[in-house]
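Protein chains: 2
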Amino acid sequence: IKREWDHWVMMGLIGFFVGMLGSTLKLVIEKIVESKFHHITILLKKEAFGLMWFLAIAMSMSLALASAVVVVYGEPAAAGSGIPDIMAYLNGISIRKIFGSKALVVKFFSCVFAVSAGLYGGQEGPMIHMGSAIGKILSQGVSFSGKYSKIPDFILFKRLRNMYDRRNFISAGAAAGVASAFTAPVGGLLFVLEEISSFWTHKLAWQIFFCCGVASFTTQAFTSLYRTGSLGSFSRAAFNIDQAINSQLTMFLPTVGVGIMGGLFAALFTWANLNICKWRNRNIVPRPWARIAEPAVVAFLTTTLAVLIPYLFECMPTRCKKDPSLPGCTPRYASSDVPEEGLMQYTCQAEGMYNPAATLFFTTGDRTIEHLLSRNTHYMFDYGSLITLFVVYFSLCCYTMGMAPALGSMVPALLIGSVLGRIAGLGVTDIVGIHEGEELTWVDPGGFALIGAAAFFGGLTRLTFTLAVVMIELTDETHFLLPIMTAVMVGKWTADLLIDSLYHKLIDLKCFPFLSDEPHVEECLDLYTVEDVMGRDVVTIPEIGSVALMAHILASCNHRALPVVEVTENGNEVFKGIILRSHVFSILAKESLFLEEDNPVVVSKSPSFSMGEGEEGVTNLHMEALGIAELVNLDDKMPVTLLAKTEGERKVMLGRLQAAEYHRRFVTLAPYIDQSSYRIAPTFSLERGFNLFRTMGLSHITVVDQNNEVVGIVSRKDLTNMNIYRKLEEIQERTDE
Amino acid sequence: IKREWDHWVMMGLIGFFVGMLGSTLKLVIEKIVESKFHHITILLKKEAFGLMWFLAIAMSMSLALASAVVVVYGEPAAAGSGIPDIMAYLNGISIRKIFGSKALVVKFFSCVFAVSAGLYGGQEGPMIHMGSAIGKILSQGVSFSGKYSKIPDFILFKRLRNMYDRRNFISAGAAAGVASAFTAPVGGLLFVLEEISSFWTHKLAWQIFFCCGVASFTTQAFTSLYRTGSLGSFSRAAFNIDQAINSQLTMFLPTVGVGIMGGLFAALFTWANLNICKWRNRNIVPRPWARIAEPAVVAFLTTTLAVLIPYLFECMPTRCKKDPSLPGCTPRYASSDVPEEGLMQYTCQAEGMYNPAATLFFTTGDRTIEHLLSRNTHYMFDYGSLITLFVVYFSLCCYTMGMAPALGSMVPALLIGSVLGRIAGLGVTDIVGIHEGEELTWVDPGGFALIGAAAFFGGLTRLTFTLAVVMIELTDETHFLLPIMTAVMVGKWTADLLIDSLYHKLIDLKCFPFLSDEPHVEECLDLYTVEDVMGRDVVTIPEIGSVALMAHILASCNHRALPVVEVTENGNEVFKGIILRSHVFSILAKESLFLEEDNPVVVSKSPSFSMGEGEEGVTNLHMEALGIAELVNLDDKMPVTLLAKTEGERKVMLGRLQAAEYHRRFVTLAPYIDQSSYRIAPTFSLERGFNLFRTMGLSHITVVDQNNEVVGIVSRKDLTNMNIYRKLEEIQERTDE
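Top line first, the protein sequences correspond to chains R and V.
Here the numbering used here is used: the first residue of the first sequence is 1, the next is one more, and so on.
Here the numbering used here is used: the first residue of the second sequence is 1, the next is one more, and so on.
Bear in mind the hints are in silico, worked out from the structure with no lab data behind them.
A virtual CB, placed ideally from N, CA and C, is assigned to each residue, including glycine.
Treat the hints with caution; some may be incorrect.
[Said to hold, decoys possible] With a straight-line cut-off of 30 Å between C-alpha atoms, the simulated DSBU-like cross-links for lysine-lysine are: (1) R:K717 with R:K278; (2) R:K727 with V:K651; (3) V:K651 with V:K97; (4) V:K510 with R:K203.
[Said to hold, decoys possible] What follows is a list of derived Cβ distance ranges for each label pair: (5) V:G427 with R:G342: 38 to 46 Å; (6) V:H202 with R:R536: 29 to 37 Å; (7) V:E341 with R:K322: 31 to 39 Å; (8) R:T330 with V:L253: 52 to 60 Å; (9) V:T24 with R:E351: 39 to 47 Å; (10) V:H202 with R:T735: 26 to 34 Å; (11) V:R161 with R:E737: 35 to 43 Å; (12) R:K322 with V:L253: 40 to 48 Å; (13) R:V432 with V:E34: 31 to 39 Å; (14) V:P671 with R:Y725: 25 to 33 Å; (15) V:H202 with R:N283: 29 to 37 Å; (16) V:L595 with R:E730: 17 to 25 Å; (17) V:T735 with R:A589: 32 to 40 Å; (18) R:Y725 with V:R161: 42 to 50 Å.
Pulled out of the complex, with its shape left as it was, chain R reads as follows:
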């Protein structure tokens, strides 16, 4: 801990700021929504329904419009929830701009506007993205308009400005985001652990645990400050369940049923959302006006449905058990009161009556979930209102996810799952009846709503133990841990049989070379070797060579790192290590490093000279996550295809290539080689190669033959599902012939 105090301080700072941002976001949205409903309720009480409808539409359309405008014209990288991008980044793919300060600001406002507009989406996904952006900005400095100007350039934290620590702080920020959004400190840590499983170390987990604790603490403290005016008592869980029910053996049968349903619908959601996103990428995304108009249209639909649907539903009585003579108290309701507060009367202005559909539709998503999870309110919602909510929410949410505004799918997933569970629970109640005794207290639609939420969420995200912990932290209902675990498992299994997870599908849609935990191919990878998938056209660079030759090599390819070779007495070109393109570039720019040796080692393979070629196709090779000491402060905004950053530097490089003197002046790369680079034999098992690559977080492995000559290189792209599948297919075809 002594050697790493700066890491700890930084973790604390990230936690603090994420917590502050999280509570601010929550409170700002709360205030806007409050004032929106305040105005609507006034009109509702005056029974001015037409005017109310108009006002509601006007407000949500303008908010939706604003949320789209800031994204489309501000920072398109801030669109959507951002979770697929974070997952891709943590997997080792570098993506531009997503953790910039501009993305952070835009995301905040877009999220505020979109959630306040009443669009079917939540603030949790964006909060995770904002958390990781804070992690990046605090630890690496701020960047403005493409140039790093390194404001808070504290000398204290300079040590943290490297690829390896950047990655860790971004993970910590994401974890803190979860901790703050769900008041789930342990869940935040586990979320990052489960998603980034490969690069995990004990020490990092311990630091992120601290970061999440601080974030959760700060959120709680600031929320209490905002709400009560003084730093006071900490609130309970987000969807606190007061009436705990013990779980019971017999409840596991319906739980499995709900799990299967959750998994099925989650797969359907994934499939539908994916196809909508594909359609949107073709038809909406290329047109900025369509991208801005789209949320407004959806907001119009959403609000109109929320206003109109409740009209179709009959009013229901609240206190039939206490007073069975009340109007509307049919035998069905005879045994139940609806004790909960916050019921919407809407058009049911009579005493003791409420409108079930209005209670579900005409409020925020959080409130709806609370209603759905409420215990001992068996008949609060009838099949009609629940099924309507399910159909409307499922289809609209399916469309909403992927639009321009910064919205996440976590709260919607919880809501859809809860409705599903509550419908099933209502069915079980109808079959078994309401029982007061110890044995059958679990027959409660609210309990099944919780199970349904876990199942649907599990089917959508494929999180396992993280989800179990998050559900507990969200609801404080520890007695349901086993049913929740069952639902998560069944939901995940069911969905696994049908389709890949939503996040992974969205990552594929964005064409990120994502490496999953193990390749999704039928064959056993242990039967193949890395030789079967490796890239064979390796560009190597000599340890010692003329300046012009080095410049030629840089110009002839766009690889971000190059294997360095040395020619031995035997004439073998043996592998020495890896050097980064940017380092070679820096060396070539420094004339003082050039040698005038007369007898440098001659390199046999002279790469062909072709200046233009390098500019085609971007290799988004991620630098080795484990990092090496950086010669220069690598600016990751430099398109890697460009030889030089600025026009001036470009001229320098052209000079190196053209002037004859540089054919006689030499440089040695020896001091700058990464001598800790991995090398494997071509006979290395593909399965183990994949594991090595993914577990150690590499960006490339050099393949050397038994004389230590470079025969190939395995990069991230060689190991994607697509590529392995294709290569293995080719091999099969060859052997079949």
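Could you slot chain V onto chain R? The hints should help.
The following block gives chain V in isolation, referenced to the frame of chain R:
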């Protein structure tokens, strides 16, 4: 999932049997303790104190004696909690017998006797050990008296009988043990994750999650079956807290204080226990009679103190708030009732009175913890009884841990921490006073007991997020998550400053070559290379050679794996891969594999012939955890120093060495080489080498120079703290000269 159905079925089976064993263990202990207290209570009611004391001592001494006898004469590997052994195994060190069926049976009975005897220890540690033994036995078959007789030799699960899966199932069993012992399914998974961090994959976590769920489910179902006679409702958490208290900002100040105290005493406990264990290893362990007598003596002391101490304490009134006129109701107790059931009257036979010390001492550890954690019972225990309990329990438990009986330190750690916390909480209550309002409900000694337990446990085990989850699962008190996290962190930090964790210290004491998450050395390992620590006297084996030569090489060293080299045209001996000693042995035993070639490649370095040498010093090198297809079913009970398993085989080998014909007959190892073995350059950074080794779970890495010739080998022992420290010191001395 389709390809791996056998893994899933096995995980389910392990979960089921661990759960069954866990509930049986719990219930058997409960029955014995119940009958013990039943007899004692009868005598107590008759006021026959002398007789009662005698009976209590007789019962606990005989039980303690029995628990020691089964271990010492049955299976010494079953002694203690077994957690350090499991940690060492999961770290990659192979230890003999600890997962055998004999160890399982002995552990069960020893644990039952020891816990029933009232020794200060718990059944949770042994349960984890038994869980992993079940994982091993179910997946790998049963072994009796040293020979594998492969009962349940289902053809179905033959595929699972390899090093890699064995390791996973043992991990799963350990996790299921935690899940069953603490009714903490998620905690079980996280425990294994946090302890074995390095070899973790997503898929494994997902399977262990399932295994833990099944274990927890089975435990609950069987417990309800045993208790009520029918498979019924699931019980709550182990130490269920009904009266939840919201956490509040101001409570974090005393929480930090309790955290520091917990950490300090945890460090003291570790130091004291370690020194007692060292003393015991010298003076008790070598003498079987002493090892058996020791627990009986401790049981005598423990029982005597439990019987006598309550005599020293005054009786206290129970219902002063309701009826302040009761005798003993001083103003101090005026505002509090003691609502809890289960108070011991002991000698306080008057109505409405109880003996605080008897309530704490004269019962089981679990009950004591429940009393300590109880809320709204501010003045139930006075300083006197709490401090006495702390002193007695701390010192006796410190001595008890490490004796022969199978006892764990988890419940004692919770108990000691709870006392500590309750003392602090009583202090806070005395300062602040009892408040009914929302603001200061946290001023409750029971709440602080929970915090203290977390802090002490954290200081002892250095678990972080796992502990937070386990504490929640143990008590159902989610509102205290943030204070618990704070206490865990502060406790761990404090203890980290003073001493290494108890488990790691015990592992060091057993001389296991344990690899911690990162080496505990001052220097930055990135400044050194693997060349600085690698072993240089590598014994290589030629790819093709005479039978006699191969036999000589096997006889000349005791390495468990050997690098295979091939001589190239240039005369270089290039590295081809790794072969296991046992595989070479199997090849040499099969005469049909021998070739009569006339012109085999000649090997330059011919190792010296020395038969006896190999029998010195055992290298407990663990086979590569990632495993390679096994030629033979490796029996891990074979002492690796022996050239052959049986006398007959030994003769075969001697024949190979001595008969002249075998100098003319050749074998090729080529088809049996592990060609996926790791190789690194001598210039590889030591830090990255350590990470590679630990993260990929290797047992050795071959170091090759730039011609691919073997120049060294890095094994587990080269990377232990001790060795790195020593080697770096040597380098420093050399550079200083």
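A quick look at each hint next to the structure:
With a C-alpha separation of about 23 Å, the suggested pair R:K717 and R:K278 falls inside the 30 Å cut-off, and the hint holds. Between R:K727 and V:K651 the alpha-carbon distance is near 50 Å, which puts this suggested pair outside the 30 Å criterion. Restraint check for V:K651 and V:K97: the C-alpha separation of about 28 Å stays at or below 30 Å, so the hint holds. Restraint check for V:K510 and R:K203: the C-alpha separation of about 25 Å stays at or below 30 Å, so the hint holds.
Between V:G427 and R:G342 the Cβ separation comes to about 42 Å, which falls inside the hinted range of 38 to 46 Å. Evaluation of the 29 to 37 Å hint for V:H202 and R:R536 yields a pass: the beta carbon distance comes to about 31 Å. Between V:E341 and R:K322 the C-beta distance comes to about 34 Å, which sits within the given range of 31 to 39 Å. Between R:T330 and V:L253 the Cβ separation comes to about 57 Å, which falls inside the hinted range of 52 to 60 Å.
At about 59 Å, the CB distance of V:T24 to R:E351 disagrees with the hint of 39 to 47 Å. About 31 Å separates the C-beta atoms of V:H202 and R:T735, a value consistent with the hinted range of 26 to 34 Å. Between V:R161 and R:E737 the beta carbon distance is about 37 Å. The supplied range of 35 to 43 Å therefore holds. The hint said 40 to 48 Å for the Cβ distance between R:K322 and V:L253, and at roughly 47 Å that hint holds.
At roughly 36 Å, the beta carbons of R:V432 and V:E34 sit within the given window of 31 to 39 Å. A hinted range of 25 to 33 Å for the beta carbons of V:P671 and R:Y725 is consistent with their spacing of about 29 Å. Between V:H202 and R:N283 the CB atoms are about 36 Å apart, so this pair conforms to the stated range of 29 to 37 Å. Look at V:L595 against R:E730: about 36 Å separates their beta carbons, and that is not inside 17 to 25 Å.
The hinted window of 32 to 40 Å between V:T735 and R:A589 holds, with their beta carbons roughly 34 Å apart. The given range of 42 to 50 Å is broken by R:Y725 and V:R161, whose C-beta atoms sit roughly 31 Å from each other.
Checked against the numbered hints given earlier, this structure breaks hints 2, 9, 16 and 18; the rest are met.
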